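As they're listed, the protein sequences go chains A and B. With this note's numbering, the residue at position 42 of the first sequence is 42, and numbering never jumps. With this note's numbering, the residue at position 100 of the second sequence is 100, and numbering never jumps.
These aren't lab readings, by the way, just hints derived from the structure by calculation. From a predicted model like this one, the values you see are computed outputs, not experimental measurements. Ideal Cβ positions, reconstructed from N, Cα and C, are used throughout, including at glycine.
Selected chain B positions facing chain A (in silico; Cβ < 7 Å):
| # | residue |
| --- | --- |
| 1 | G72 |
| 2 | R74 |
| 3 | G93 |
Covered stretches of chain A (chain B as the covering partner; in silico rule of three or more C-beta atoms under 8 Å from a C-beta of chain B):
| # | segment |
| --- | --- |
| 4 | 39-50 |
| 5 | 125-133 |
What follows is the residue order along each chain.
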Amino acid sequence: MSVERNVIIIGSGPAGLTSAIYTARANLNPLLVEGMEAGGQLMITTAVDNFPGFSDGVMGPELMGAMRAQAERFGTEIVQGLVTRVDLSRRPFTVTTDGAEYRADALIVATGASARLLGLPSERRLMGRGVSTCATCDGFFYRNKPIAVVGGGDSAVEEAIFLTKFASRVTMIHRRDTLRASKIMRDKAAANPKIDFRWNSVVEDVKDVEKGVVTGLVLKDTVTGARSELPLDGVFVAIGHTPNTSLFSGQLALDANGYIVTHDGTYTSVPGVFACGDVQDHVYRQAITAAGSGCMAALDAERFVESV
Amino acid sequence: MASENIQYATDSSFDQLVTSETPVLVDFWAEWCMPCRRIAPTVEALATEYVGKLTVAKMNVDENPAVPMRLGIRSIPTLLLFKGGAVVDTVIGAVDKDTIRKMVDKHV
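Using the sequences plus the hints, can you model the full thing?
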C-alpha cells in the first residue's frame, strides 16, 4: 500500500527542481522522480551565459547540481527512476515508476523535452555509431575529423562552435538559406573558420548502414531538388526538441505539437495537475523561464492542496 | 565508488581480458560523461549478481584512447559484450536497466 504524498514532481530540470524548492519550503514534503535525463537539457551543455545571477556564466551541470542541492536542503525526497505510468482519472493520482507506486493529491509535470530526430531509419541504425544528439557527450570522438551539425537554431550553432574544438571541419546543414539562430550566434558561426554551411539542404540518408558506421550524408537541395553526397565521420542532429508527454496522452489536454495545454498559469485540463517548463512551453524554452514556471506550478499546487 | 567485482581495463590489458570463455561486458565511460554515470549502478549490480558467469570491466576512454578507437566507438556510454575475444552484442547510450539486463541474459 503506497503512502500518499501531498505533491509529486515528475522531472528534474530547472522547472522540476524549482518547483521542488518552493513546495519543500511550503512544508508540502514533495517527492521528485528524476527521470532518465536527470538534470534535464542543461546537463549536456557547457557554459550557460544567460542564466541571471552568474556574471561570468556557469557550467550547465554545475547549475543543475546547485539546484538539486537546494531542493534537497529544504527536504525534497528525490528518487532516481523513470515514471512509466500515471493514472490521473481520480485523486489521489497514481504515479508508477520502474520500482514503485506512489499516490499524490497534486502532481507537477516537469518532464521537459527531448532531442528531435530526423526520423530516418539510417539515423536510428547508426545512432551512437556516428550519429549523435549530444555534442558535449560525443564531440571527443571526432578529433581532426570532418563532421556536420544539422539544424539552424541557437542550439545547433552552439553545438557547431563547441565541436570546432575537436573536428577538422564542421558543416552546418540547414533547410533554409539563413540560420534562425539569434544574431549573436549567427555572427559567431559566420566568423568561425572551421564552420562551413550547406544551405537549403535536408538530409535524405545517413551512410553507411551496411558498414555499421557513418561515412557520409546524402543531401537534397530544397530549392533545386539536386542530390549530393557529403563525406564525413559524424553527424550531430540539433533540430529542436519534442515535449515528453507520451505518459499523458489521453489523460491531459495536449496541443497539436504534443505540448501540455496550460491556463491561468500552470493549470492543466485536470484539477490538481500542474505543468511547467519546456513540456508546456514551445515559445520561450529557456532555463530561466522553466525555473520561473516551476515556481508558479509550486504556488498553484500549494494553493490547490490547501483548498481541498 | 569502486566495486570489487569490476575489473578496470587498459589499452594494454584489454585483449587478454576479453579473450576468455566467460563472457565479458565492457563499459566504456569517461568522467565528464553524465549518461555514463547513470548506467554505472546497473553495471555494478550486474558485476555482483553474475559473478562467475560474467566478467564486468570498465574502460576509461580518456585514459585509454587506443582500444576505443580501434573498436570504432563513437559515443559513450557504449557496452560491448565479448565472448572468446569477439563482440557478440552492443548497447549504446544510457538505456534503462531492463535493456541492459536483457542483453546480458541472452549470452550468459
